[in-house]
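Trainee: Just so you know, the protein sequences line up as chains V and F, in that order.
The numbering of the first sequence is this note's numbering, which starts it at 1 and goes up by one.
The numbering of the second sequence is this note's numbering, which starts it at 1 and goes up by one.
Derived by calculation from the structure, the hints in this document are not laboratory data.
Take these hints with a grain of salt, some might be off.
As the list claims (entries may be wrong) - Partner residues aside, some chain F positions facing chain V, computed with beta carbon under 8 Å:
1) T37
2) T44
3) N45
4) N72
5) R98
To be verified - Stretch by stretch, here's where chain V covers chain F in the computed footprint (C-beta under 8 Å, at least three residues):
6) 46 to 59
7) 73 to 83
To be verified - If you only want the chain F side, here are some residues facing chain V, beta carbon under 8 Å, derived:
8) A24
9) I25
10) Q42
11) S70
12) D99
13) E116
14) E120
Beta carbons: idealized from backbone N, C-alpha and C, even for Gly.
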Amino acid sequence: MNIRSMRGRRLLGLIAAVGLHAACAAAPAVGPLYADPAHADLSGLWLVTGGFYFAPDKSVPKLLGEYKTTYARRTEAFAKGVAVDDLTADCLPAGMPHQLTVPYPFELMQTLGRVTFLYEYDSAVRRVPTDGSVAKADPDKVTFFGDSYGHWEGDTLVVDTINVRAETQLDFTGIPHSDALRITERWRRKDAKTLENTITLTDPKAYAEPFTTTRIYQLKPKWKIAEYVCEENNRNARDAQGNTSGGAAQQN
Amino acid sequence: MKHLQLCILLSLAPLVAQAHHSFAIYDSSRQLTIEGTVKEFQWTNPHVWIHVMVKNDKGVEEQWNVECTSVNFLERRGWSRHTFKLGDKVSITLAPLRDGSKGGSFRKVNSINGVEPRFEAEE
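The shape of chain F in the complex, shown without the other chains:
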């Protein structure tokens, strides 16, 4: 398995709620997918955070911090505080930090422990 899969895509549309803190730090014109292990899932406001340990191309683990929208926003899209657990193997697509640091603005979760998650949004 490739530890870090980079796929840079043009984003089709902004998927984040930008009403709260500015997402200026992220490059919303780019997308990148990381694969790694969940170190921490902060189910908090104003924003939910997923910390993922990702092996770089030298095999060294590095922490990526993925900033999501709010508990309120995600709960209505079917997430809960149990969506990610410590040690889960995940593939997440994000809009990366402009400065190249290891972090990004959440776009999509592709898989959790090899399974594509299904979330049921509220009407």
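Chain V on its own, in the form it takes in the complex:
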């Protein structure tokens, strides 16, 4: 083979590679978590950044009346070394909206008409229909995670959640909400490795005004979701008064 033909083959190879790349770029990305070519790809394994408070700047909604009192009681007890009303102490779910900021990864799976959050923490799953259905308030059917419904606004996935049990908290500090809480999440891929979620909490019973914070999630392409079974060895269960004193001093 002479040099000219080698160059020619290389050029052909280059053209073929460019063509293949262009074809790949035009086609929807394929992968086990993404089958929704009509919408921006938010899929992947993500980990929250920005710390364990609900808002990274530690700000708190403007609490009303009894909710203000409840939070004051919880923070006062916490400072004295007692956690009160903490569902997770009994291995109950963190639920919404706390689940949005737990420091464990989740997989976001995006399929036709549904986005599914597969959480490592508590092995929880959140199914978010994006098929045009909407949430209906039902005080008889409140749950830890509530009912979530999504729709797309351009490249942003908007998820509304209602029917959340009043017992869930915003974060480990015990920020309360009522059963009238509405959580609006606006998910958007900022870049290949970054997911942004702007969360607005509206709760006319508990908050004087809507509260908004933005959380950033980092792509963890090499991670796998692991098992997490809280009941295996829980030494932090609450006592009869609902207080968590911890199991550190137990001689077991």
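Given chain V, work out where chain F should sit, using these hints.
Mentor: For chain F alone, kept in the frame of chain V given last:
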């Protein structure tokens, strides 16, 4: 060797994941280092526990219970169920229980059988 070395420091930053059970029982503004022998290593969720027998200043062995984060959290930082073995001599820094009981929230393992362990975290 000093059996119980107490070094109380101001903590620079919280190193624990506080999403699960509250760590309110621990005084995160203080740090203290214990040296002793591993009695038990519970590689479990929601939290991993290290039980360490530490001699007090009268030479009497007392059990200290050290609460770590989760299996999931620690595995990604290079720990495994074999990180501590029964009888290992360890030096561990913790945030102590507020009530003065013998226990704390794990901060750092300084040495295992005299060697500073190296853990490789996942990217």
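Trainee: Now tell me, hint by hint, if it's right for this structure.
Mentor: Hint check:
Because the smallest distance between the Cβ of T37 of chain F and any Cβ of chain V comes to about 16 Å, over 8 Å, the interface hint for this residue is violated. Against a cut-off of 8 Å between C-beta atoms, the interface hint on T44 of chain F holds, since the closest Cβ of chain V lies about 4 Å away. Satisfaction of the interface hint for N45 of chain F is found here, the shortest Cβ-Cβ separation to chain V being roughly 5 Å, below the 8 Å cut-off. Because the closest C-beta pair between N72 of chain F and chain V is about 5 Å apart, less than 8 Å, the hint holds.
Taken as an interface hint, R98 of chain F checks out: its beta carbon lies about 4 Å from the nearest beta carbon of chain V, inside 8 Å. Taking a C-beta to C-beta cut-off of 8 Å, the region 46 to 59 of chain F contributes 3 residues in contact with chain V, enough for the three needed, and the coverage statement holds. Coverage of a stretch by a chain is defined here by at least three residues with a beta carbon nearer than 8 Å to that chain's beta carbons; for the region 73 to 83 of chain F and chain V the count is 3, and the condition holds. Hint on A24 of chain F holds. Least Cβ distance to chain V is approximately 5 Å, under the 8 Å limit.
This hint holds: I25 of chain F has a C-beta 4 Å from the nearest C-beta of chain V, less than the 8 Å allowed. Checking Q42 of chain F against chain V: minimum C-beta separation of about 6 Å stays under 8 Å; hint holds. The interface hint given for S70 of chain F holds, since its Cβ lies 7 Å from the closest Cβ of chain V, which is under the 8 Å cut-off. For D99 of chain F, the suggested interface contact is upheld, since its CB lies about 7 Å from the closest CB of chain V, less than 8 Å.
Because the closest C-beta pair between E116 of chain F and chain V is about 25 Å apart, greater than 8 Å, the hint is violated. Because the beta carbon of E120 of chain F sits about 13 Å from the nearest beta carbon in chain V, more than 8 Å, this interface hint is broken.
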